[in-house]
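> These are the residues of each chain, in order.
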Amino acid sequence: MAKITFPVEASHIMMFARAIGDTNPVYHDAAAAKDTEAGGIIAPPTFPASVAQFDPDYHLRPRPDQKWFGSAKGPTGIEGKPASSGSLHAEHHFEYHRHIRPGDVLTAEIKPGKVWEKESKRAGKLTFRDRVTEYRDQDGQLVITAHSIGVTTERPVDQG
Amino acid sequence: MALKASALKVGDTHSERVVENLSRTQIIQYAGASGDYNPLHTDEVYTTQVAGYPTVFAHGMLTMGLTGKMLTNYVGDGTLTKFGVRFTNQVWPGDTLVSKATVVALREEGGHHYVDLTLSTTNQDGKEVVSGSASARIDP
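Order-wise, the sequence lines are chains A and B. Going by my numbering, the first residue of the first sequence is number 1, and it counts up by one from there. Going by my numbering, the first residue of the second sequence is number 161, and it counts up by one from there.
Take the hints with a grain of salt, since some may be wrong.
Claimed, not checked - Each computed BS3-like pair below joins lysine-lysine, with the alpha-carbon atoms no more than 25 Å apart:
{"#": "1", "chain 1": "B", "residue 1": "Lys-260", "chain 2": "A", "residue 2": "Lys-34"}
{"#": "2", "chain 1": "B", "residue 1": "Lys-260", "chain 2": "A", "residue 2": "Lys-111"}
{"#": "3", "chain 1": "A", "residue 1": "Lys-121", "chain 2": "B", "residue 2": "Lys-287"}
{"#": "4", "chain 1": "A", "residue 1": "Lys-114", "chain 2": "B", "residue 2": "Lys-242"}
{"#": "5", "chain 1": "B", "residue 1": "Lys-242", "chain 2": "B", "residue 2": "Lys-260"}
{"#": "6", "chain 1": "B", "residue 1": "Lys-260", "chain 2": "B", "residue 2": "Lys-287"}
{"#": "7", "chain 1": "A", "residue 1": "Lys-3", "chain 2": "B", "residue 2": "Lys-242"}
{"#": "8", "chain 1": "B", "residue 1": "Lys-287", "chain 2": "A", "residue 2": "Lys-125"}
{"#": "9", "chain 1": "A", "residue 1": "Lys-34", "chain 2": "B", "residue 2": "Lys-242"}
{"#": "10", "chain 1": "A", "residue 1": "Lys-118", "chain 2": "B", "residue 2": "Lys-260"}
The hints are simulated quantities; they were obtained by calculation from the structure and are not laboratory data.
Looking at chain B on its own, in the form it has when it is part of the complex (with noise of 0.2 Å):
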């Protein structure tokens, strides 16, 4: 169900755990699934003997998919206009992430109604690994 802007204020909140202990095999899901074979991702002995990180480390887009799920979730299907975002810190196998959308406008353009949001995405530890933002349209 879409949002109700006339349900909705400045500062409302949602939030949700988008994964727990983020499995290699789920980044190899997604490798397959987007077509981004990428060994930094999915070939522990590449990333750690050549390109120098301490182990594979998921597709930012994997990590722009999971927030995209809290969104959808909170703003109903095919109701997004905008969703952007900024990679942070890298995410590991192991991770649990947090995704959290926030009100910070409630507008009217040409008749439809829209909610503007800022996104963040956190770890375990509390360190945000995506910041962005999105816009959807919503009921009256």
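Extracted from the complex, chain A is given alone in its bound form (with noise of 0.2 Å):
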């Protein structure tokens, strides 16, 4: 499958701790982090989730040369049914051998699981997927590994 280069830079630590609300010093101030536990900036537990920028295939951003699923003129800018909807995120697992820091130089590769169904009341027939993501480091150690479970549902889940 797909490996993905994914450089870690201190710009986007500090953009991604603005998005998740987390003010704290150890993702956006280096003097500050020096003197932390973890001896300089990291980048907080959920931030590989953001390999999706350097991915140059990935499509749930749009593109120039592309038609995009998302509204415009009308409430989408393509015919019939976008291939993602319906697709919702399920379940996000990480483990973690160190946490990563700026400068860091990520290869992720991206791996299909196991692929399962459920019958539900909300939201009719369930197909859940697994992705398995790992991040190695530029020493080519396992850095991090993500488990990415989606789901299809039949009908957008019910509010009840």
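Hints in hand, dock the two standalone chains.
Structure representation (structure tokens):
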């Protein structure tokens, strides 16, 4: 499967921490971070998900040469149902061997995992798919393993 | 500061309000930072008229990130060894979320001390939006 090069930058970590409302200086202030147990700036634990930024074929980012399924002149920019419609995130798991730092150049390898089905009252037939991402550093060491489990629903989830 | 095994016991809890009145702008901020531009999170017209939801909703990974903020405030920086969640309900603009960690085990492995936690994030109606677990390295 795809291998993605993921350069970890301090400004990206800062923007990510802002987006999750985390003001911990260990994510943006090099001087303050030096005096913490982390010994310098590290990334928040869910930061590895932003590898999407570096996937050249990521399907949830609009591209100038392709029609986008979000709204523009009409409520969607494409004909018919988008491929990802109804796909929701069911579970996410991280295993950390160490925490990533600015300057790391990670290689993320994405592999398909298990697939299973379940019946649900709120959304009909559910199909679960595990996607495993292994993040290795510039020395080839495994840094983080992530399991992202997506679910495709038969219909939008009932809010009752 | 890392937690100390000697100061912890099974059943201890830590909770924090991780977001108050979640704004659509914060969801957009998360889309920009994470690179996940799924219109279900940012595009009201698409989400209501095409996807059939009442309004846009937060990325699961935003809710996990908010839960992680409580978690790292509790266990310290760079000490997590595992962090996993299930997204049990959607998170909507206007939601106020409280995340809670509960100590379920303290263990020693290869000369290191670890704490195992269960996690729960609930909204203003008491509905759970994330359930999960985590482990972190702690001091003796």
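> Please go over all the hints and tell whether each is borne out by the structure.
Checked hints:
1. Simply put, Lys-260(B) and Lys-34(A) have alpha-carbon atoms about 28 Å apart, too far for the 25 Å limit, and the pair is violated.
2. The hinted pair formed by Lys-260(B) and Lys-111(A) fails the criterion: a straight-line CA distance of about 32 Å is larger than 25 Å.
3. About 18 Å separates the Cα atoms of Lys-121(A) and Lys-287(B), which keeps this hinted pair within 25 Å; it holds.
4. Restraint check for Lys-114(A) and Lys-242(B): the C-alpha separation of about 20 Å stays at or below 25 Å, so the hint holds.
5. For a cut-off of 25 Å, the pair hint linking Lys-242(B) to Lys-260(B) stands: about 16 Å separates their Cα positions.
6. At most 25 Å may separate the alpha-carbon atoms for a hinted pair to count; Lys-260(B) and Lys-287(B) meet this at roughly 13 Å.
7. In summary, the hint linking Lys-3(A) to Lys-242(B) is supported, as the alpha carbons are separated by about 23 Å, within the 25 Å threshold.
8. With a CA separation close to 23 Å, the supplied pair Lys-287(B) and Lys-125(A) stays within the 25 Å bound.
9. The hinted pair formed by Lys-34(A) and Lys-242(B) meets the criterion: a straight-line CA distance of about 24 Å does not exceed 25 Å.
10. For the proposed pair Lys-118(A) and Lys-260(B), the alpha carbon gap of about 29 Å is over 25 Å, so the pair is violated.
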